[in-house]
Amino acid sequence: MAYSNKVVDHFNNPRNMGSFKKDEEGVGTGMVGAPECGDVMKLQIKVQNDTIVDAKFKTFGCGSAIASSSLATEWLKGKTIEEAQKIKNTDIVQELNLPPVKIHCSVLAEDAIKAALADYQKKSDTQPVDIK
Amino acid sequence: MANDQPSTRPETRHQLQMARSMCWHCQSAMSGEYFCERCVKVQPVSKDTDYFTCLGFPRRLTLDPKKLEAKFYELSRAFHPDFYQAKSPTEQTISLGNAAVLNTAYRTLRDPIQRAEYLLALEAGSVKDIRTSPPADLFEEILELQDTLEQYRASDRESDEGHRLRATLQTEQQTLERRREEMESQIRQLFTDWDQLQDRGEATSQARAERDRILKRMRDLLSHRTYINNIVNDLAATIA
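From first to last, the protein sequence lines are chains A and B.
In terms of numbering that gives the first Met the number 0, the first sequence opens at residue 0 and continues consecutively.
In terms of numbering that gives the first Met the number 0, the second sequence opens at residue 0 and continues consecutively.
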């Protein structure tokens with residue numbers, strides 16, 4: 000089965016690969032894994048004034064998992080927290096043309112977004128992050 | 000014995016999907032495993048048949064691989080499409096379908112890890128909270144190791160730095176392999192626990208709690224093993 004051109008493009012030129020320091024102000028980190036295939040995904044967001052100004056990811060897994068998380072970081076940038084909550088795995092499936100056997104990769108990316116947002120919110124509840 | 004009455008009924012698709020309890024051909028009640036005892040026609044493996052049942056094994060995790068193989072060969076001979084070339088199209092279709100199911104069933108049950116994953120898929124539906132919280136520490140560890148792997152890949156392997164990284168990775172690989180072995184022996188212990196519980200066949204709330212404990216623990220161990228297995232393979236492939 001062949002990957003779609005979009006998957007191949009994200010795989011060959013991953014966007015926003017890398018990481019932020021976990022304890023940096025405004026940074027939310029999501030770390031998730033797929034127990035079925037053993038893929039591990041780390042996705043981070045950097046938030047200023049309720050808006051995601053930057054996002055990074057590191058994924059160790061198949062091409063679809065890498066492409067899903069790469070695409071997710073692209074989509075996250077510039078979104079507010081509320082908008083980011085609305086990203087669904089089905090959006091990723093559609094954009095990347097993922098076949099049924101690779102849908103769990105997009106689920107993983109959605110889980111990673113949710114985990115990163117939750118981590119950010121947990122952190123901002125304990126310490127005010129108001130970077131002017 | 001075979002008392003093959005000439006059938007006037009057309010062998011349609013509809014009949015194939017009939018209840019398994021009835022022979023698709025002569026409509027007599029089925030008591031044989033895969034062949035009608037009355038007309039000796041091959042019967043389709045029902046979609047609801049799990050792989051254990053398909054190969055005639057109880058839902059236990061400790062299987063004798065020799066017995067499994069023997070049963071697989073026996074049924075392979077019985078279903079092999081080559082032996083159905085002179086038979087009716089319906090029988091050819093059934094033999095082909097059965098052979099395919101049989102192959103998947105055997106491949107799944109032959110491997111202990113796949114067998115356990117399969118049993119979990121069958122049994123875990125009724126266990127609440129079977130999805131475990133992600134092992135954050137393990138993820139941290141894996142990501143860190145992957146970083147080191149990246150450094151090693153980018154380094155000049157003959158330099159001091161390359162040698163140092165390689166030594167670090169080798170040590171890590173050995174540690175992880177030991178952990179994987181430990182997990183596998185814990186998984187084997189759970190196999191025994193599960194089989195004993197099934198053999199006792201109790202329906203007490205205590206037995207149910209024990210069942211849930213085993214399945215949850217197994218889910219955890221199998222997942223963690225998969226993560227560790229992946230990184231070990233990456234390590235082995237890079238520093239080999």
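Keep in mind that the hints were calculated from the coordinates and are not lab data.
Check each hint, because a few of them may be wrong.
As the list claims (entries may be wrong) - Simulated crosslink set (DMTMM-like; lysine to aspartate or glutamate; CA at most 25 Å straight-line):
#1 B/K215 / A/D49
#2 A/K121 / B/E143
#3 A/K21 / B/D136
#4 A/K20 / B/E143
#5 A/K45 / B/D136
#6 A/K78 / A/D49
#7 A/K113 / B/E143
#8 A/K122 / B/D136
#9 A/K21 / B/D146
#10 A/K113 / B/D219
#11 A/K20 / B/E139
#12 A/K122 / B/E171
#13 A/K5 / A/D22
#14 A/K21 / B/D110
#15 A/K45 / B/E143
#16 A/K20 / B/E140
#17 A/K45 / A/D118
#18 A/K122 / A/E24
#19 A/K5 / A/E109
#20 A/K20 / B/D219
#21 A/K21 / B/D81
- Proposed proximity, A/D49 with B/K215 (alpha carbon, max 25 Å): Roughly 39 Å separates the two Cα atoms, so the pair is violated.
- Item | 25 Å limit on alpha-carbon distance, applied to hinted pair A/K113 and B/D219 | 22 Å, holds
- Do the alpha carbons of A/K122 and B/D136 lie within 25 Å of each other, as the hint requires? Distance of about 19 Å is within 25 Å: holds.
- Query: When you check the alpha-carbon spacing of A/K21 and B/D110, does it fall within 25 Å?
  - Reply: Not satisfied, since the Cα-Cα distance of roughly 40 Å exceeds 25 Å.
- Assess, step by step, whether the Cα of A/K21 is no farther than 25 Å from the Cα of B/D146, and give holds or violated. Roughly 16 Å separates the two Cα atoms, so the pair holds.
- Given the hinted pair A/K5 and A/E109, is their alpha-carbon gap at most 25 Å? Within the cut-off at roughly 18 Å; holds.
- Between A/K5 and A/D22, is the straight-line Cα distance small enough, at 25 Å or below? Not satisfied, since the Cα-Cα distance of roughly 33 Å exceeds 25 Å.
- Message: For a C-alpha distance cap of 25 Å, please report whether A/K45 and B/E143 respect it.
- Response: Within the cut-off at roughly 21 Å; holds.
- A/K45 and A/D118: Cα distance at most 25 Å? 11 Å, holds
- Message: Check the hint pairing A/K21 with B/D81 against an upper bound of 25 Å on the C-alpha distance.
- Response: Roughly 62 Å separates the two Cα atoms, so the pair is violated.
- Taking only the CA atoms, is the gap from A/K122 to B/E171 under or equal to 25 Å? 32 Å, violated
- Query: For the pair supplied as a hint, A/K21 and B/D136, is the alpha-carbon distance within the 25 Å limit?
  - Reply: Roughly 14 Å separates the two Cα atoms, so the pair holds.
Violated hints, in rising order: 1, 12, 13, 14, 20, 21; the structure is consistent with all others.
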